[in-house]
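These are the residues of each chain, in order.
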Amino acid sequence: MMDIYVCLKRPSWMVDNKRMRTASNFQWLLSTFILLYLMNQVNSQKKGAPHDLKCVTNNLQVWNCSWKAPSGTGRGTDYEVCIENRSRSCYQLEKTSIKIPALSHGDYEITINSLHDFGSSTSKFTLNEQNVSLIPDTPEILNLSADFSTSTLYLKWNDRGSVFPHRSNVIWEIKVLRKESMELVKLVTHNTTLNGKDTLHHWSWASDMPLECAIHFVEIRCYIDNLHFSGLEEWSDWSPVKNISWIPDSQTKVFPQDKVILVGSDITFCCVSQEKVLSALIGHTNCPLIHLDGENVAIKIRNISVSASSGTNVVFTTEDNIFGTVIFAGYPPDTPQQLNCETHDLKEIICSWNPGRVTALVGPRATSYTLVESFSGKYVRLKRAEAPTNESYQLLFQMLPNQEIYNFTLNAHNPLGRSQSTILVNITEKVYPHTPTSFKVKDINSTAVKLSWHLPGNFAKINFLCEIEIKKSNSVQEQRNVTIKGVENSSYLVALDKLNPYTLYTFRIRCSTETFWKWSKWSNKKQHLTTEASPSKGPDTWREWSSDGKNLIIYWKPLPINEANGKILSYNVSCSSDEETQSLSEIPDPQHKAEIRLDKNDYIISVVAKNSVGSSPPSKIASMEIPNDDLKIEQVVGMGKGILLTWHYDPNMTCDYVIKWCNSSRSEPCLMDWRKVPSNSTETVIESDEFRPGIRYNFFLYGCRNQGYQLLRSMIGYIEELAPIVAPNFTVEDTSADSILVKWEDIPVEELRGFLRGYLFYFGKGERDTSKMRVLESGRSDIKVKNITDISQKTLRIADLQGKTSYHLVLRAYTDGGVGPEKSMYVVTKENLAVAVIVGVVTSILCYRKREWIKETFYPDIPNPENCKALQFQKSVCEGSSALKTLEMNPCTPNNVEVLETRSAFPKIEDTEIISPVAERPEDRSDAEPENHVVVSYCPPIIEEEIPNPAADEAGGTAQVIYIDVQSMYQPQAKPEEEQENDPVGGAGYKPQMHLPINSTVEDIAAEEDLDKTAGYRPQANVNTWNLVSPDSPRSIDSNSEIVSFGSPCSINSRQFLIPPKDEDSPKSNGGGWSFTNFFQNKPND
Amino acid sequence: MGFLDRPRAPRGGQKPSMDHPYVPSFPSTPEDPQTDSSVSLLPHLEAKIRQTHSLAHLLTKYAEQLLQEYVQLQGDPFGLPSFSPPRLPVAGLSAPAPSHAGLPVHERLRLDAAALAALPPLLDAVCRRQAELNPRAPRLLRRLEDAARQARALGAAVEALLAALGAANRGPRAEPPAATASAASATGVFPAKVLGLRVCGLYREWLSRTEGDLGQLLPGGSA
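Residue numbers (this note's numbering), protein chains in the order written: chain A, 1 to 1086; chain B, 1 to 223.
Pulled out of the complex, with its shape left as it was, chain A reads as follows (with noise of 0.2 Å):
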């Protein structure tokens, strides 16, 4: 503030008022009001000057300078300014304002003295440029404008920068108004500076709401900031505002139209509109309405998001019509991704790109691009790249002359932005030549061919590298590099050698430059058959005797394609001697032997093939055999497909070996094929795939010596060793109380299926309906194996065996391809008689002390049936007379008789048993069919049963089988007909043949065959096992029945032998009547 003092006259009164200040309270009262007074008068003596002086400027150089006239005082008041500097500067005014140059640093007195018509008064200031303000003058909006279509607002004023001495910073304040009400939506701040000059400034502003919705208004301020002034700054006053508005047509309208933003922007709509909108959708979204003047509406859409092809819909609705518009929301074109430039014929460059993220932008508003080549300024341009995703675009640049390297840069632009992406290239080195066309092949000779294609280019100045594949029909490709100078004319030529005559070939060929950037595509294929040559070798030939040796027949292979050189057409045979020559000509190709009839003369026989060019060279074979006595046929096994032979190398042998090989059970002359190999080595490989596993093979080795074969080995083999696919056949030779002596045969080689290496023989306690030898593998302690490794011996004697107890045999051959079926057989070893008599006498003892409790026990008193009228006795039991109506009661002899199951080959009789014939098992077969091993017992009949059987009938009649059970000679006949009741029939114990029915039906039969399994004997009660035929016939073999029952001896129809003729080989059988040991067990085999 300016320190301001003012100066008055004082009045004499004033003296007068301090004599009097001795006085009393009064007094005090008296000064207190006068002080009053005093300072009244003070500040109207004040009021009475001039007072409030305020200095400002607005451009630094004048200041304007304004006081308060006195009070009371008016118009015709005079001021006098005096500014006390180094000089004294008066002014005389009429007014209470000046301009006085800006003063420098520091304080000036400042005197204003008013001089009016009731007075003057001073008045003394002190000014500082610290109390000047400076406050630019306001500015003024030179313009303001619009861009409608981008919703810009364009601002342009002076600064006035002119009238400012120094350089001065300005700070600018622009506001901008929206709507009627003038509401804020932008203050910015604009800085800029004051260079001594005038100068426009311009300023815009992007609008968030499309300038047509509503009106916007423009002011502005601003503030001078100068380092050299102290003073105070202040802030203009606001320009006059300015507005922008948009005069609507008579047509509603929606914007903004038809513009492209990125995705995820804020942008708002609006609808300028006479009518009233009811709602605005974005696509199938509801907005919430803004309202702006009038019926003006916008909505505002945040984060919108990527639009479809046709771009996203803005509806407004009014009453009666809907107006829109369409947004294109997507991105700036990404970055050309994988830029590559290449020339297929160094005449056009083709750079090609990925566009990378879709814009979502198409139409005119899609991407376009500039391809510019920096050394030639050139470039091209491609438009509207409508390519579908991930699919490259491309653009062709012709290659300028005499120029290899290129820089490229592809611009990329949309209405959202642009990129771009370089890259050089030597031109020469990015060749991609287009794929080789009009690919031909020409014949040169037999092994050489002429390639041609043509390659479209100007390529004069690089060399090609071409790759030619070359493939022969059942062999592995070949791939040959050739290197080609580049044409103008783009027909190129290559000669293709080292090919093989008479061969059919494919071509293809790709080529690619020196310096390798890419292959071409492959050229089509070419087929091409070279020409024929002369076979290049004579064929492999062999020679044989014919059987009666008079014949020589000579063999020879076809000659494999790539030393046929051609079609062999035919072959001339000849056997020359020193004395003659005997020739056989053009026998045609297929044939492949031939036979000559020769002396024992030693020959050499020369064989030529011949094709449409030329002959072969001979093939040369003597027919001479050099004998061999010390030579042994050997064993040789092979391994998989092949079969490995070796020999010793033997100097003597000059030429080469010959092996030769024939299946053994062929006959003689044998020969399958032969395999020569050279004279240096020790051994072969024989593979065939006529080999087979399993396969007795005979193998020759020949050496070839002086012009003559020498048999060197012999050898059988076999490619893979099998098992035997038979068990030998073995038999019983001898029986003893304690051993047994079997005896087998060999097996034929063609079933043996290897080399034979033993044989296993098991034996063991067992019948044949048990299954113990069904685990021979298993490793049972009672069951013993022999392993007869000996292949000559074919008897085996099994000794410290059981007397009368039946064992199990079995035999199998083995090979090392595994061990082959077996064999089995049953066989009872013989009583031992001296513990028989032994226990026969203890026996005889016994009876003879209890003969008169066995008596009353087993043969009490009977009454004479002769009493009884109503009997009538036969004549004969064994008459079979049908008039046979009573039970005969008398003892008879119990019988047994062993029925037996036999083969023509080897029944075994022991005792009251028969056993049945060896029955052979082979191992793969788990259905074997039991061993039928039957003991019937009977006795002379009690009923007589007539059987009806279909089988029997046919035979010619029916069987009368009468049976006597041994057991009902020493049970009661009847029981009491409690028991009865009580007994089931599945009871054990006699079935009285009575309550057998006649005539059963197999249904009923198969029932009680249920029954039977636990009930005692019953023979009669099986029926359907009977069996009518011979033992020894196969219809008895093949049954399958567990039990088998023949006829009884005292069949009187019976056709059939019941009992099989004694066998001279089989062990003597003791008859088939009462055994001491039956009476004791009635299962001897227990």
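Just so you know, the hints here were simulated from the structure itself, not pulled from any lab data.
Among the hints, a few may not be true.
[To be verified] Simulated restraints, written as ranges between beta carbons of each label pair:
{"hint": "1", "chain 1": "B", "residue 1": "102", "chain 2": "A", "residue 2": "181", "range": "51 to 59 Å"}
{"hint": "2", "chain 1": "A", "residue 1": "303", "chain 2": "B", "residue 2": "82", "range": "23 to 31 Å"}
{"hint": "3", "chain 1": "B", "residue 1": "103", "chain 2": "A", "residue 2": "392", "range": "57 to 65 Å"}
{"hint": "4", "chain 1": "A", "residue 1": "293", "chain 2": "B", "residue 2": "94", "range": "33 to 41 Å"}
{"hint": "5", "chain 1": "A", "residue 1": "392", "chain 2": "B", "residue 2": "82", "range": "42 to 50 Å"}
{"hint": "6", "chain 1": "B", "residue 1": "139", "chain 2": "A", "residue 2": "303", "range": "27 to 35 Å"}
{"hint": "7", "chain 1": "A", "residue 1": "319", "chain 2": "B", "residue 2": "68", "range": "22 to 30 Å"}
{"hint": "8", "chain 1": "B", "residue 1": "68", "chain 2": "A", "residue 2": "527", "range": "52 to 60 Å"}
{"hint": "9", "chain 1": "A", "residue 1": "319", "chain 2": "B", "residue 2": "94", "range": "24 to 32 Å"}
{"hint": "10", "chain 1": "A", "residue 1": "303", "chain 2": "B", "residue 2": "68", "range": "26 to 34 Å"}
Yeah, the Cβ is synthetic: ideal placement off N, Cα and C, and Gly gets one too.
Chain B: place on chain A using the hints.
The following block gives chain B in isolation, referenced to the frame of chain A:
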């Protein structure tokens, strides 16, 4: 009864005979030389009418498919059932008037032919606009191209039929107004979409109307 079925008394009081069936023709005028000579063309005319009617029927179906495809590709709310922009007039193409049915059949066919002649440039303009908006919708673009061609063909067929029936337009045919094409290329994208929708809708309506009008010429028709 169809137009062809309706016997008309031959001029000069001749009675119809089996050898000379009545020709379906419009009221003849002295300068219409075909009226008399067309008597022998009846089978050919009937075949022509049937053929043209079949074509119109087929194109009506195509137009329906075109409209559906067009709507699908403009984005919402074009596909919404509630979206029904006002049926604004299209420069150069009048909408079928409600009074259309009350006009004589030859007059209706003349209007049909005129509309079909006006449609191709509009459809072409729509096609061009859609090529910018939906360049990856080849089926729509093909349908639009086909529609323009087919409208032209059907219009020509109807005019030929009118000529054969002796009811051809007299004097040179009025060319479609030049404003037609420019009208189709409306300023904004949204108005262009709406205009395209309108054009496709009018195309379908005129085809349907033409089919109906031709059907009335057929035996069993109500003309």
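Legend entry - Numbers of the earlier hints that this structure fails to satisfy, in rising order: Going through the list in order, the structure violates no hint and respects every one.
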